[in-house]
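Listed here are the chains, written in short residue letters.
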Amino acid sequence: MRYSVLLSLLLSVSSLFANGQNSSNSVEDLHRAKAESALIKDELDNARAQTILIKDEIAQARAENQEKLASIKAEEVLQKNKSTHISAIGQGVSPLNTSSPAQAYALAKRAAIADAYRSIAEKVKGVRIEGQDTIKNMMVQKSTIRTHVQAMIKNADIVETTFKDGLCEVEMEIVISYADFAQ
Amino acid sequence: MRSRDGNSNLLRRLCAVALCSSLPLSASEYLISYKYIVENITLYNETLFISEAMKKCNGKPQKEFVLYSNESRDLREVISQNSEEFIEYIHRLGLHVEHREITTNLQNRSTTTLILKTTCFKVDFNDNFVKIAPLK
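Keeping their order, the protein sequence lines are chains A and B.
Sequential numbering of the first sequence, starting at 258, is according to the working numbering.
Sequential numbering of the second sequence, starting at 38, is according to the working numbering.
Bear in mind the hints are in silico, worked out from the structure with no lab data behind them.
All values reported here derive from a predicted model rather than from experimental measurement.
Zero decoy hints are in this set.
Taking lysine-lysine and the DSSO-like style, the derived pairs with C-alpha atoms no more than 27 Å apart in a straight line are:
hint, chain 1, residue 1, chain 2, residue 2
1, B, Lys97, A, Lys411
2, A, Lys382, B, Lys154
3, A, Lys411, B, Lys168
4, B, Lys72, B, Lys92
5, B, Lys159, B, Lys92
6, A, Lys382, B, Lys173
7, B, Lys93, B, Lys173
8, B, Lys100, A, Lys411
9, A, Lys411, B, Lys173
10, B, Lys72, B, Lys154
11, A, Lys337, A, Lys411
12, A, Lys380, B, Lys72
13, B, Lys168, B, Lys92
14, B, Lys97, B, Lys159
15, A, Lys411, B, Lys154
16, A, Lys411, B, Lys159
17, B, Lys72, B, Lys97
18, B, Lys168, B, Lys72
19, A, Lys382, A, Lys411
20, B, Lys159, B, Lys173
21, B, Lys92, B, Lys154
22, B, Lys93, B, Lys72
23, A, Lys312, A, Lys298
24, A, Lys380, A, Lys411
25, B, Lys168, B, Lys154
26, A, Lys380, B, Lys154
27, A, Lys325, A, Lys337
28, A, Lys411, B, Lys72
29, B, Lys173, B, Lys154
30, B, Lys72, B, Lys159
31, A, Lys339, A, Lys411
32, B, Lys72, A, Lys382
33, A, Lys337, A, Lys380
34, A, Lys382, B, Lys100
35, A, Lys337, B, Lys100
36, A, Lys325, A, Lys382
37, B, Lys159, B, Lys93
38, A, Lys339, B, Lys100
Between the sequences and the hints, there should be enough to build the whole structure, so can you do that?
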């Protein structure tokens with residue numbers, strides 16, 4: 258009888274211990290689950306932030322593409338009833354043997370106008386470029402670049418002229434319209 | 038039979054010839070060419086050639102320009118008096134641009150030439166001013 262009571266007591270105590278262990282395990286699981294859910298939340302937040310960033314990048318890229326397309330359209334086609342302004346700055350230097358500052362100014366201005374004409378011609382019609390490099394024993398012996406511009410320019414206007422320290426700068430502008438090319 | 042008043046027909050003819058010959062004197066045609074060369078952004082040479090046309094030019098007057106003449110009948114003199122304005126006018130008419138640049142071992146040399154090809158201008162001389170217009 259005594260042994261049976263002791264056995265039952267032992268069993269009850271062992272069952273109690275077993276319950277305690279189970280409860281401690283379930284608490285740890287809860288903590289783990291909470292930590293995992295927190296991690297998942299963080300990951301979700303990160304993913305959301307990344308998607309927002311990607312959306313912004315896509316929107317920026319779209320806007321850039323639209324701007325590029327618009328600029329290409331504007332550059333390629335001279336539209337009717339719309340004119341395009343092309344301006345260029347030319348520089349000229351007065352010769353050393355001038356008799357007066359006024360002459361120096363006049364000559365420098367003339368040279369600057371020619372330079373501005375050249376610049377406008379380059380913009381409107383383009384430049385022909387030829388390059389030639391001579392290499393001997395793996396060393397550059399001679400490097401030559403030739404450029405050539407040829408155009409006819411009408412109705413170029415002087416916008417601004419500055420003359421300082423013998424250097425004359427002239428800003429010139431031409432207006433190109435569809436009617437100039439339509440025949 | 039010859040009348041006492043003189044030969045009126047001959048007088049009329051003489052007047053007509055004088056009138057017709059005086060008309061081209063006031064409105065004449067000139068050939069003008071202009072060229073200037075800029076080397077290494079410094080003006081190197083500038084030439085303006087003016088010559089009275091020996092043959093009649095074809096075309097209609099285009100952009101007219103007025104030069105003050107002080108009763109002078111010499112176009113060269115009139116242009117030299119108003120050289121800056123006239124050169125600006127030539128620029129507006131249009132110039133051929135030719136630019137050559139050569140860079141050898143990073144040393145650069147450039148030549149820019151602006152040319153007004155020989156063009157026929159109709160020139161009207163008046164008392165104090167001269168009207169000039171290219172014929173095209």
